[in-house]
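Number of protein chains: 2
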Amino acid sequence: MAFPKQVRLVEVGPRDGLQNEPEPISTATKLELIDRLGASGIRHIEAASFVSPKWVPQMADHREVMTSLTRRPGVVYSALTPNLKGLEAALECGVEEVAVFGAASEAFSQKNINCSIAESLQRFEPVLERAKQANVRVRGYVSCVLGCPYEGEIDPAKVAEVSKALYQMGCYEVSLGDTIGTGTPLKAKRMIEAVSRDIPMDKLAAHFHDTYGQALANLYAVLEEGISVVDSSVAGLGGCPYAKGASGNVASEDVVYLLDGLEIETGIDLDKLAGTGTWITQAIGRPNRSKVGVALATK
Amino acid sequence: MAFPKQVRLVEVGPRDGLQNEPEPISTATKLELIDRLGASGIRHIEAASFVSPKWVPQMADHREVMTSLTRRPGVVYSALTPNLKGLEAALECGVEEVAVFGAASEAFSQKNINCSIAESLQRFEPVLERAKQANVRVRGYVSCVLGCPYEGEIDPAKVAEVSKALYQMGCYEVSLGDTIGTGTPLKAKRMIEAVSRDIPMDKLAAHFHDTYGQALANLYAVLEEGISVVDSSVAGLGGCPYAKGASGNVASEDVVYLLDGLEIETGIDLDKLAGTGTWITQAIGRPNRSKVGVALATK
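Top line first, the protein sequences correspond to chains A and B. Using UniProt numbering, the letters of the first sequence correspond one by one to residues 1 to 299. Using UniProt numbering, the letters of the second sequence correspond one by one to residues 1 to 299.
Just to be clear, a hint being listed does not mean it is correct.
What the hints assert, rightly or not - A few chain B positions that, by computed beta-carbon distances, are all more than 10 Å from chain A: (1) Glu-32; (2) Ser-52; (3) Asp-210.
Claimed, not checked - Mimicking DSS-like on lysine-lysine, the simulated pairs with C-alpha atoms at most 25 Å apart in a straight line are: (4) Lys-299(A) to Lys-244(B); (5) Lys-164(A) to Lys-111(A); (6) Lys-244(A) to Lys-299(B); (7) Lys-132(B) to Lys-164(B); (8) Lys-189(A) to Lys-5(A); (9) Lys-132(B) to Lys-299(A); (10) Lys-299(A) to Lys-272(A); (11) Lys-132(A) to Lys-111(A); (12) Lys-111(A) to Lys-203(B); (13) Lys-189(B) to Lys-158(B); (14) Lys-85(B) to Lys-158(B); (15) Lys-189(B) to Lys-189(A); (16) Lys-111(B) to Lys-85(B); (17) Lys-244(B) to Lys-272(A); (18) Lys-244(A) to Lys-272(B); (19) Lys-54(B) to Lys-5(B); (20) Lys-111(B) to Lys-244(B); (21) Lys-272(A) to Lys-5(A); (22) Lys-272(B) to Lys-5(B); (23) Lys-111(A) to Lys-85(A); (24) Lys-85(A) to Lys-132(A); (25) Lys-158(A) to Lys-111(A); (26) Lys-132(B) to Lys-54(B); (27) Lys-244(B) to Lys-54(B); (28) Lys-5(A) to Lys-111(B); (29) Lys-5(B) to Lys-189(A); (30) Lys-54(B) to Lys-111(B).
Since the hints were derived computationally from the structure, they do not count as laboratory data. All C-beta atoms in this analysis are idealised placements derived from N, C-alpha and C, irrespective of residue type, glycine included.
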């Protein structure tokens, strides 16, 4: 057991959490969400996605979001940029960090981004190069690290291979996504062990989904391994696109409650964060998927 | 780390899960629930509560439930018996195991069973004696082991003291209840360490609530300590009476999914169990609080 003393939370609610919402959410609401999250003490917020509005209409206002948000000192506001075009647009908006999104499953890569894993890595190369020129950090996502909706089981060696490629290409951090939430603690530990043979532990992040209720147990298990960066979404925004009505992203409030209990520092004010979760779920008419949020609001 | 090879699940849905339901549930539905749970491979089912119908109207049919249920070989059907009167009634119904319910919090004991902890232990003595005469096993519950709705923090030493008293009195097993679900893994570990100084680990059970989403992380932590008996409720039936609308009992399906992933044997068929959760929640018009249940039903 070697729990980290501090954990950095990467809040993905404004991007990952909102991107699949079918009803348009106003830019003002997105900006308020981002601002409230910063006010609660979160220091890393994924704010937008520079993808084609044809594919993700909810993120069509990415330029306005990125240029209008109130930048708090010490807070990183990042954006997803799947290709060079997206990156150029993001750079025009003064973004300081971007992210690319790969997969550890061939079938998922084909269905989700319409190319093989190898092709996706080739596409990322010019993005990484251009970002480096512009002095912008790049975060790499790997999805399906504990299972795939099409392939089922995923070999930890495959996750390690894709992660290593992203890291060697210049990603400063690799976020390991249990996209369908089927992972359990033993599997999560084994995957982290495999990936951390090639990449230092402090360059890895856990991005776990709570679809099968396992996210916090999995996080506990990988915190024991030394993971110190955790992705989460306020109020568990996002759901699971592969099981309608089921949970997706683990809720930030529930993660912070866990970390507080483990005496791990986050710098986050749980009450403010929970208030933000209550507010945004009411604003967009969604159930609050944070158990902590619901418990604090009803007790 | 010393995970147990096997875990015994104690299913509390038919009693703890249903007792606070305001609308009457038919005896036939209760009997079918108990039978389906047995058919899914669960080997220990808390079936009824021999309390006054004045206090718990939903359990008024305890005699009929206990005498009408189909006894499957190898399955224990137990009942809660808060006092000698309840025990006598349960014995008349041929019960083979009963349970008594204490608390680690003075304030909770006073508000919940209207006496001090010391008085409650005195009341249990004749129950334990009579049960011993009748060759009936007694399980002891201790509530508020990780926090109290009135007192807040509870000293692990207090939990150990009450648990030891129940064990010395003759309870064959002590179930440690995080009644309000505020516990986190570190706290859960410390509590188990304190209690297991006086009672062998294999005589202890974890009864955790998921009100703050921590139940599986807490279970994972105490499984690491060697706990091998877990209480849970199918579909998370029960809610939390101290935070309306919030979760209570951890869902059996989610626990079995965790245990399956840890390669710990339970003898339970997860699909059958999840089907039972879907059926009972539809039958009584409640949301399914098992994430595994919802994910399996919607994927």
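Here's how the hints hold up against the structure:
no. : hint                     : in the structure
1   : Glu-32                   : holds (25 Å)
2   : Ser-52                   : holds (28 Å)
3   : Asp-210                  : violated (6 Å)
4   : Lys-299(A) to Lys-244(B) : holds (7 Å)
5   : Lys-164(A) to Lys-111(A) : holds (22 Å)
6   : Lys-244(A) to Lys-299(B) : holds (7 Å)
7   : Lys-132(B) to Lys-164(B) : holds (18 Å)
8   : Lys-189(A) to Lys-5(A)   : holds (19 Å)
9   : Lys-132(B) to Lys-299(A) : violated (41 Å)
10  : Lys-299(A) to Lys-272(A) : holds (16 Å)
11  : Lys-132(A) to Lys-111(A) : violated (29 Å)
12  : Lys-111(A) to Lys-203(B) : violated (51 Å)
13  : Lys-189(B) to Lys-158(B) : holds (15 Å)
14  : Lys-85(B) to Lys-158(B)  : violated (28 Å)
15  : Lys-189(B) to Lys-189(A) : holds (20 Å)
16  : Lys-111(B) to Lys-85(B)  : holds (21 Å)
17  : Lys-244(B) to Lys-272(A) : holds (21 Å)
18  : Lys-244(A) to Lys-272(B) : holds (21 Å)
19  : Lys-54(B) to Lys-5(B)    : violated (43 Å)
20  : Lys-111(B) to Lys-244(B) : holds (18 Å)
21  : Lys-272(A) to Lys-5(A)   : holds (22 Å)
22  : Lys-272(B) to Lys-5(B)   : holds (22 Å)
23  : Lys-111(A) to Lys-85(A)  : holds (21 Å)
24  : Lys-85(A) to Lys-132(A)  : holds (15 Å)
25  : Lys-158(A) to Lys-111(A) : holds (18 Å)
26  : Lys-132(B) to Lys-54(B)  : violated (28 Å)
27  : Lys-244(B) to Lys-54(B)  : holds (22 Å)
28  : Lys-5(A) to Lys-111(B)   : violated (39 Å)
29  : Lys-5(B) to Lys-189(A)   : holds (19 Å)
30  : Lys-54(B) to Lys-111(B)  : holds (16 Å)
Violation of the numbered hints given earlier is confined to hints 3, 9, 11, 12, 14, 19, 26 and 28; the remaining hints are satisfied by the structure.
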